[in-house]
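Sequences are here, hints too, so could you generate the full structure?
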Amino acid sequence: MLPTEPDRIRRALNRLTFGARDTDVSNATIMGLGTWLAEQLAPPPGDDPALYNYISQQVMPIEYAAPSVSDTRGMWSAVKESRPLYYLFTDVPTLWSVAVGASTSYAPAERTRIRQELIAATYIRNAHSQYQLREVMTDFWLNHFNIGKAENELATAMLPMFDSVSIRPQAFGNFRQLLEATATSPAMLIYLDNWVSTAATPNENYAREIMELHTLGATSYFGKDPSETGYSVGVDGIANGYTDQDVIQASRALSGWTLKNGQRNAGRLVSSTGEFFYNPGQHNTTASKILNVEVGSYRGDMEQGRRFLDIIAYHPKTGPFVVGKLMRRFFGDNPPAAVTERAVAAWNANLTAPDQIKKVLEAIVLGGDEISALPATKVRRPYERLLAMARTTGAIINANATLTTLLDSLNDGPWAWQGPNGRPDNDDYWLATGAVLTTWNLLLAQPGAAYVTASLTNQTPVEVMNTAMGVVDYWVGRMVGHSLDASRMTALYNDQGGTSGVPAARRSSTNTNTVATRTETALRRLVGMIAGTVEFTYR
Numbered sequence: 014m015l016p017t018e019p020d021r022i023r024r025a026l027n028r029l030t031f032g033a034r035d036t037d038v039s040n041a042t043i044m045g046l047g048t049w050l051a052e053q054l055a056p057p058p059g060d061d062p063a064l065y066n067y068i069s070q071q072v073m074p075i076e077y078a079a080p081s082v083s084d085t086r087g088m089w090s091a092v093k094e095s096r097p098l099y100y101l102f103t104d105v106p107t108l109w110s111v112a113v114g115a116s117t118s119y120a121p122a123e124r125t126r127i128r129q130e131l132i133a134a135t136y137i138r139n140a141h142s143q144y145q146l147r148e149v150m151t152d153f154w155l156n157h158f159n160i161g162k163a164e165n166e167l168a169t170a171m172l173p174m175f176d177s178v179s180i181r182p183q184a185f186g187n188f189r190q191l192l193e194a195t196a197t198s199p200a201m202l203i204y205l206d207n208w209v210s211t212a213a214t215p216n217e218n219y220a221r222e223i224m225e226l227h228t229l230g231a232t233s234y235f236g237k238d239p240s241e242t243g244y245s246v247g248v249d250g251i252a253n254g255y256t257d258q259d260v261i262q263a264s265r266a267l268s269g270w271t272l273k274n275g276q277r278n279a280g281r282l283v284s285s286t287g288e289f290f291y292n293p294g295q296h297n298t299t300a301s302k303i304l305n306v307e308v309g310s311y312r313g314d315m316e317q318g319r320r321f322l323d324i325i326a327y328h329p330k331t332g333p334f335v336v337g338k339l340m341r342r343f344f345g346d347n348p349p350a351a352v353t354e355r356a357v358a359a360w361n362a363n364l365t366a367p368d369q370i371k372k373v374l375e376a377i378v379l380g381g382d383e384i385s386a387l388p389a390t391k392v393r394r395p396y397e398r399l400l401a402m403a404r405t406t407g408a409i410i411n412a413n414a415t416l417t418t419l420l421d422s423l424n425d426g427p428w429a430w431q432g433p434n435g436r437p438d439n440d441d442y443w444l445a446t447g448a449v450l451t452t453w454n455l456l457l458a459q460p461g462a463a464y465v466t467a468s469l470t471n472q473t474p475v476e477v478m479n480t481a482m483g484v485v486d487y488w489v490g491r492m493v494g495h496s497l498d499a500s501r502m503t504a505l506y507n508d509q510g511g512t513s514g515v516p517a518a519r520r521s522s523t524n525t526n527t528v529a530t531r532t533e534t535a536l537r538r539l540v541g542m543i544a545g546t547v548e549f550t551y552r
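Counting from 14, one number per residue, gives the positions in the sequence shown under our numbering.
I should point out that these hints are in silico values taken from the structure, not numbers from a laboratory. In this text the structure is predicted, and so the values were computed from the model without any measurement. Be aware that one or more of the hints could be misleading.
Have a look at the derived ranges for each label pair, beta carbon to beta carbon [stated by the list, open to error]:
hint, residue 1, residue 2, range
1, 36, 311, 51 to 57 angstroms
2, 236, 390, 31 to 37 angstroms
3, 281, 365, 35 to 41 angstroms
4, 40, 65, 18 to 24 angstroms
5, 390, 81, 30 to 36 angstroms
6, 530, 65, 31 to 37 angstroms
7, 301, 51, 42 to 48 angstroms
8, 243, 214, 29 to 35 angstroms
9, 250, 280, 37 to 43 angstroms
10, 446, 250, 47 to 53 angstroms
11, 63, 164, 31 to 37 angstroms
12, 36, 62, 14 to 20 angstroms
13, 70, 92, 17 to 23 angstroms
14, 350, 238, 33 to 39 angstroms
Cut-off 30 angstroms, straight-line C-alpha distance, at most; resulting in silico cross-link-like pairs (DSS-like, lysine-lysine) [to be verified]:
hint, residue 1, residue 2
15, 302, 237
16, 338, 237
17, 330, 372
18, 338, 302
19, 330, 237
20, 372, 338
21, 330, 302
We put the beta carbon where it would ideally sit given N, CA and C, even for glycine.
Listed below in structure tokens is the structure:
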């Protein structure tokens, strides 16, 4: 008989992973949540060996024709092959050459292929990585420092390095270092226009967004000048927010942070590789005060920009802003105040520590019992529901180009949100009628989708498939961990007792192949319905 509420470890793991499997719950119960967390916070530098081997073996077809004879620009040969995820493990110059050479030395399909490989690998990593907390935090930071995959083709082509170099290695590290890693990322420099910032015309786009979206938050903006109500300067001499003048000064401080793009540096042409570099010829030296802190005396290469990053990373408003977003990710729209206070305290106590973010996570998970004691109130967005379904049903996700746009109509999935503000993290947005209906259809289709390998029949004990109650209890237990609302359990029992249920499928024919096919189809339908329940919707 199913328990009436989830196991406490399952509650915690549903918050800290992309879906708690029975094996995850069992392992964490045996080792204890503290030991589980310590293991999660100490992942290898890259993918765990099993995951790396699996991704390395993935192939996807690619096909395109050679340019027509009349197209004098194109210089590529026709391609028709199944190819490994080559671009996923390459470097910035290679990605750059494909991006800028599309339609000339490279077929446009090669630039599209970069995006396809990265998104397929992201689904695979999120679903199958042993180090689930790193995947969750990488997803969080990628949304915090959001780059839309369709806003700029050059920026999109640089996303594999943004993911693997700027974000993943810093997921548990120091926020100030993470901030600079994103500020010097080719993808971010292109996406928010800082690469075209010059000494004569410093670009204010990135300077504004890094304060509004990445550090201080929009509520810290005080308009055109310090005369706005609420603006003040603390005893430490730092302003409690920013104005348009601060944006102007910050844009000057960050000018010169650019890419190698064939421009001039000290009278010489720079190679065009797409790599980050500081170009003093593009740097405006007139920056003065930012948030009332003098930066004009910093004259060395990148020093003004780095001083600006220090100011905003260590600002008293930044910790509560970033931690508040993290709390909503773990606990929902109204996170417990006690956990938030612990997390902000840990943030402030470890401002310069190399493992600052790790300390914050330890405070959240181990500082009290909220992570495992509080009921689930946070809605899984569509992407998370697909991943949770795959994880709890033992499905294997394979590299497939259909994943590239699978959730685009819902503005979800890797890099699907186009604006720099990142996708919303509130329940109302993801519970809109259109989003729910589309998600239900995707969940029902997923077990048979081209990107999934699954045999539910092989995973289901034979003895439970002969009765409606047996098969429903088994899969509800696997996927949810406890009984659903009585009315929903009754509905599932009745459904499985009918002609579309698993027991009926097993009695449908004397032909073994027919029975196998109908049984698998009935099981896929059942798990799709369970994935659409209220209990599975929340984590």
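Each hint, compared with the structure:
no.	hint	result
1	36 to 311: 51 to 57 angstroms	53 angstroms, holds
2	236 to 390: 31 to 37 angstroms	36 angstroms, holds
3	281 to 365: 35 to 41 angstroms	37 angstroms, holds
4	40 to 65: 18 to 24 angstroms	21 angstroms, holds
5	390 to 81: 30 to 36 angstroms	58 angstroms, violated
6	530 to 65: 31 to 37 angstroms	35 angstroms, holds
7	301 to 51: 42 to 48 angstroms	46 angstroms, holds
8	243 to 214: 29 to 35 angstroms	31 angstroms, holds
9	250 to 280: 37 to 43 angstroms	40 angstroms, holds
10	446 to 250: 47 to 53 angstroms	51 angstroms, holds
11	63 to 164: 31 to 37 angstroms	35 angstroms, holds
12	36 to 62: 14 to 20 angstroms	18 angstroms, holds
13	70 to 92: 17 to 23 angstroms	21 angstroms, holds
14	350 to 238: 33 to 39 angstroms	34 angstroms, holds
15	302 to 237	15 angstroms, holds
16	338 to 237	27 angstroms, holds
17	330 to 372	19 angstroms, holds
18	338 to 302	29 angstroms, holds
19	330 to 237	19 angstroms, holds
20	372 to 338	16 angstroms, holds
21	330 to 302	18 angstroms, holds
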